[in-house]
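K.L.:
Residue numbers (the working numbering), protein chains in the order written: chain A, 1 to 688; chain B, 1001 to 1294.
It is worth saying that the hints were derived from the structure and are not from the lab.
Careful, some of the hints might be misleading.
Claimed, not checked - Dumping the calculated BS3-like pairs for lysine-lysine here, alpha-carbon to alpha-carbon at most 25 Å:
{"#": "1", "chain 1": "A", "residue 1": "229", "chain 2": "B", "residue 2": "1138"}
{"#": "2", "chain 1": "A", "residue 1": "468", "chain 2": "A", "residue 2": "394"}
{"#": "3", "chain 1": "B", "residue 1": "1138", "chain 2": "B", "residue 2": "1161"}
{"#": "4", "chain 1": "B", "residue 1": "1191", "chain 2": "B", "residue 2": "1228"}
{"#": "5", "chain 1": "A", "residue 1": "6", "chain 2": "B", "residue 2": "1259"}
{"#": "6", "chain 1": "B", "residue 1": "1223", "chain 2": "B", "residue 2": "1100"}
{"#": "7", "chain 1": "A", "residue 1": "257", "chain 2": "A", "residue 2": "229"}
{"#": "8", "chain 1": "A", "residue 1": "596", "chain 2": "A", "residue 2": "620"}
{"#": "9", "chain 1": "B", "residue 1": "1161", "chain 2": "A", "residue 2": "566"}
{"#": "10", "chain 1": "A", "residue 1": "468", "chain 2": "A", "residue 2": "452"}
{"#": "11", "chain 1": "A", "residue 1": "578", "chain 2": "A", "residue 2": "620"}
{"#": "12", "chain 1": "A", "residue 1": "265", "chain 2": "B", "residue 2": "1228"}
Treat the numbers as computed from the prediction; the structure is a model and nothing was measured.
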Amino acid sequence: MATTDKYDRQLRLWGASGQRALGETLVVLVGSSACGAETLKNLVLPGVGSILVLDDDDDDNGESSSAETGGIDIHPSPELSPSLLKFSGESSNFFLPPNSKKIVDKLESNNDTTNGETPLSKAARASALLSELNPDVCGFYSSVPSLAAVDFTTFFQTLLANPPNNHASSSSSTKLLVISADQPPPVLLPLSHACHNLSLPLLALHSYGLLGTVRVQTPPPYHFIIESKPSHTLPDLRLSRWPPFDGLNDVLKSVGKLDEMEDSKDHSHVPFVVVLLQALEKWRGTVSAPFNPDASSRPRYPSTFAAKQDFREVVKNMAHNLNNELNFEEAVREAHLVWAEGRVSEEVQEVLDRVTEEEFFTAAADDGSAGPNVPANVLQFQLLVLALQRFLSKNDNYPPLEGTIPDMTSDTARYVALQEAYQRQAEMDRGTFTNFVKEILQQCKFKSNGSKVRVAMPTEEEIITFCKNCRHLRLLETRPLFAEYNLQDPTSPRFSANSSSRTSLQYPDASSIPNFDKLLSDAREDLQSQTYDPYETDPIQTPLLWWMALRACHAFYDRHGEYPGKDDRELALEADAKEVHTLTLEIAVNLGLASKPTASTGDGVGEKDGAVESENDFIKSYLLDEAQGGNLAREVVRYNEAEIHNIAAILGGVASQEAVKLITGQYVPLDDTFVYNGIASVAGVYRF
Amino acid sequence: NIEARRWLNGMMHSLVQFDDDGDPLPETIIPLIDGGTEGFSGQARLILPRITSCFECSLDAFAPSAAVPLCTIAETPRIPEHCIAYAFILQWPKEFPDRKLNPDSPEDMTWVYRQALERANKYNIHGVTYMLTLGVVKNIIPAVASTNAIISAMCVNEAIKLLSFASQSLNTYVMYMGSEGVHSHTFVYDKKDTCPVCTSHVHTLEISPSTTLNSLLQMLCDKDGRFKLKTPSVTSSSKTLYMRKPQALEKATRKNLNKTMGELLEGKSGEELVVTDPVVFPETSLGLVLTFVE
Chain A
1 MATTDKYDRQ LRLWGASGQR ALGETLVVLV GSSACGAETL KNLVLPGVGS
51 ILVLDDDDDD NGESSSAETG GIDIHPSPEL SPSLLKFSGE SSNFFLPPNS
101 KKIVDKLESN NDTTNGETPL SKAARASALL SELNPDVCGF YSSVPSLAAV
151 DFTTFFQTLL ANPPNNHASS SSSTKLLVIS ADQPPPVLLP LSHACHNLSL
201 PLLALHSYGL LGTVRVQTPP PYHFIIESKP SHTLPDLRLS RWPPFDGLND
251 VLKSVGKLDE MEDSKDHSHV PFVVVLLQAL EKWRGTVSAP FNPDASSRPR
301 YPSTFAAKQD FREVVKNMAH NLNNELNFEE AVREAHLVWA EGRVSEEVQE
351 VLDRVTEEEF FTAAADDGSA GPNVPANVLQ FQLLVLALQR FLSKNDNYPP
401 LEGTIPDMTS DTARYVALQE AYQRQAEMDR GTFTNFVKEI LQQCKFKSNG
451 SKVRVAMPTE EEIITFCKNC RHLRLLETRP LFAEYNLQDP TSPRFSANSS
501 SRTSLQYPDA SSIPNFDKLL SDAREDLQSQ TYDPYETDPI QTPLLWWMAL
551 RACHAFYDRH GEYPGKDDRE LALEADAKEV HTLTLEIAVN LGLASKPTAS
601 TGDGVGEKDG AVESENDFIK SYLLDEAQGG NLAREVVRYN EAEIHNIAAI
651 LGGVASQEAV KLITGQYVPL DDTFVYNGIA SVAGVYRF
Chain B
1001 NIEARRWLNG MMHSLVQFDD DGDPLPETII PLIDGGTEGF SGQARLILPR
1051 ITSCFECSLD AFAPSAAVPL CTIAETPRIP EHCIAYAFIL QWPKEFPDRK
1101 LNPDSPEDMT WVYRQALERA NKYNIHGVTY MLTLGVVKNI IPAVASTNAI
1151 ISAMCVNEAI KLLSFASQSL NTYVMYMGSE GVHSHTFVYD KKDTCPVCTS
1201 HVHTLEISPS TTLNSLLQML CDKDGRFKLK TPSVTSSSKT LYMRKPQALE
1251 KATRKNLNKT MGELLEGKSG EELVVTDPVV FPETSLGLVL TFVE
């Protein structure tokens, strides 16, 4: 192999800084089913720092946590042993060999001495096989009697304070990411709550027959992305800015007038940047309408459709032979750069509007003693954003120059000169930007009145990365899972104040989450518009419908303590399907896609709920309709929450990819629920 | 790679047999599931030979390779990639005329890297690294475990459903893009009416009668052209024009390469030629009607 770096192929996607972030992360997997194991496998292979599998025990294997210590014991993954490498037809999870205790019994009966091998819990077995995939990764596991009884907040706080990873150079650099695999509501909701409170990112997966979902929950206040790496960007050439920066002006002056160049090789190797700027001068000379700028104000630029056409003609006419002069071809193609904006986009403006100096100074001095505070990495981001705000206000709303230029037909010397001019200006802008950062940090320390400030001066590398990518900043803010769960199904016993069951929990009102109402109304609006864009080939396969059927299964679980379809006798299945269908309709009403008018019962006694109806054709035809909607219910009932490994693998692939985005802070994560329909192989992303 | 897929596609199609009414016999249709990935994106498709569209139908969708013009590499390098291209395209054959560059050999690649660096320094170009050198020479496509897991699992899903009759099949193509959010698009990839593999469409081509057979073959092999063949052989209704195998026949027909088509077809416009290419689509032939124009 030409390179011994096993991470070579992925480094080309996220670079050394991304790889470093991966190496500093501890991923906690709650549950050891196939989709969780698949997600972890796709994180272990690319070199995540460490993993911890948390699951409940098999019936009786003596691995339960000690009630005496009150805590949850964390153990390093066990060594691989022969008993772990035996597979049977029982399990559909490639990463979970059958209970090794049974293997021990079998071997004992054959008079094999097994050295009294201790039986291992599910979590232990899963973590052993996963850790084997990459020696760079540290594996751990914890086994508890019941996941629903776990105090996740304390567990995660312990992990953050004392990470088990013995490779970490300092405990403060370990970050946590949590994955939930096939957990029912009694576990998932407290987990979502704990992650939200501790500002930990959570990915909740559920594999269900030929269907599956992945839900992204971003840590509050939001997940910020500096390196969003969009696939299509305009180069930052600043051709529309007046006046051109000094370095660019110098290069322009050093190149003679194109019209006076006799040597055709020379003429055809003038970079298009110069061609366009010279063409601009020419074009201004041809425009006849009166225009009286003073020396300092912005001269004319092509702004109307006709003017832009005229400008392109000017460029074409400057060529000696358009077919043979690639640089002129490029100039015509890139002519729009002369009038392209160059200031910050709407999306970046949204990010800028989210950060204020007031809030920042307060948050930076907040030590968290009064409740959850803004995480330190978010403060660092806000510091850079505030510096950008100041830079913009002093720079006519133009951000720091990116500094690189695309390749273009040119002789070497002029290209290199142009390149250096842009690089030098970018460096100067970065210097100015850095001074603003220092200014704000000073003010911050001053306003904190002596209390410790939780934000520090960024490194040079961080400033360079920020400046280079500031034209593509993005934010992602999802609603936490627990906050929307009861909105989808308010009559669920899980949130009933009267319920004495210990699995019903009270959660803070959704209204306590800032921004919740706006996020909710945006999500509902989007959902409506998505009903007008179903899967064309076969609309019943639209993932939106299947999510609703799955949500009905969780609602069924809330009411009965198990998923529908357990009793596979025909009449039982039919009854379950009917109930699931009814629940699906309720959910449609709660999502605003249908309505349930109350009608008077006609005997003057009172009102009763009428049949669910909808103005939305798609919902009417495929959900409300007894045959079609009933089919959805019957299909999910026949699954009975079975897990098929290849569906689990698809979900694991998507979840691990989102995990990498959340860990590295590069690329944009999905917002916020991925739904996979393996029947027709159709996927969709929604917010519910 | 694309060639292997084309060959497999052609082979699967040739295995299908037909009944007396000309309909394909279902038991001879072998489903072909194809998947590919690149960085955060990928696609999977199901091909049922003679029923759905085939791989050859979608050949045009592959972007033509963007090669750097030789004059840039030789005379006006500007970016590190140009210097690397110079080292492995121009310098290597000069320095090692009898040995092909082995991109998996660290010694060979280090040589290329050092030469590229030297050239870059001469032109004041920055950015040549060993990693970039590998990327340019091997045309490395970035890859991650997650995308490969997704696409391979989608392919397996289709296979399981076909084998077990547990559910319906993918109809027929799914695209997946995961770098910015997640976008997925499932649709029916329509048959191309003029597909040489899965249709019996007869193609027409207008050429000057002074075009040589060799030029015609080059047209058929053009990477950006209609047919994108590799090793075509051509026969007319009355004689063999050029046959690559067996060797004896190749020697016998080689002289035809320099003859003009006008001469070979005795001036008759509208002749139908039969073109075969066992490397690209085995057992299949392409009908080509030549019309002479000036």
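K.L.:
State the violated hints by number, sorted upward, taking the hints as numbered earlier in the document.
P.N.:
3, 5, 7, 10, 12
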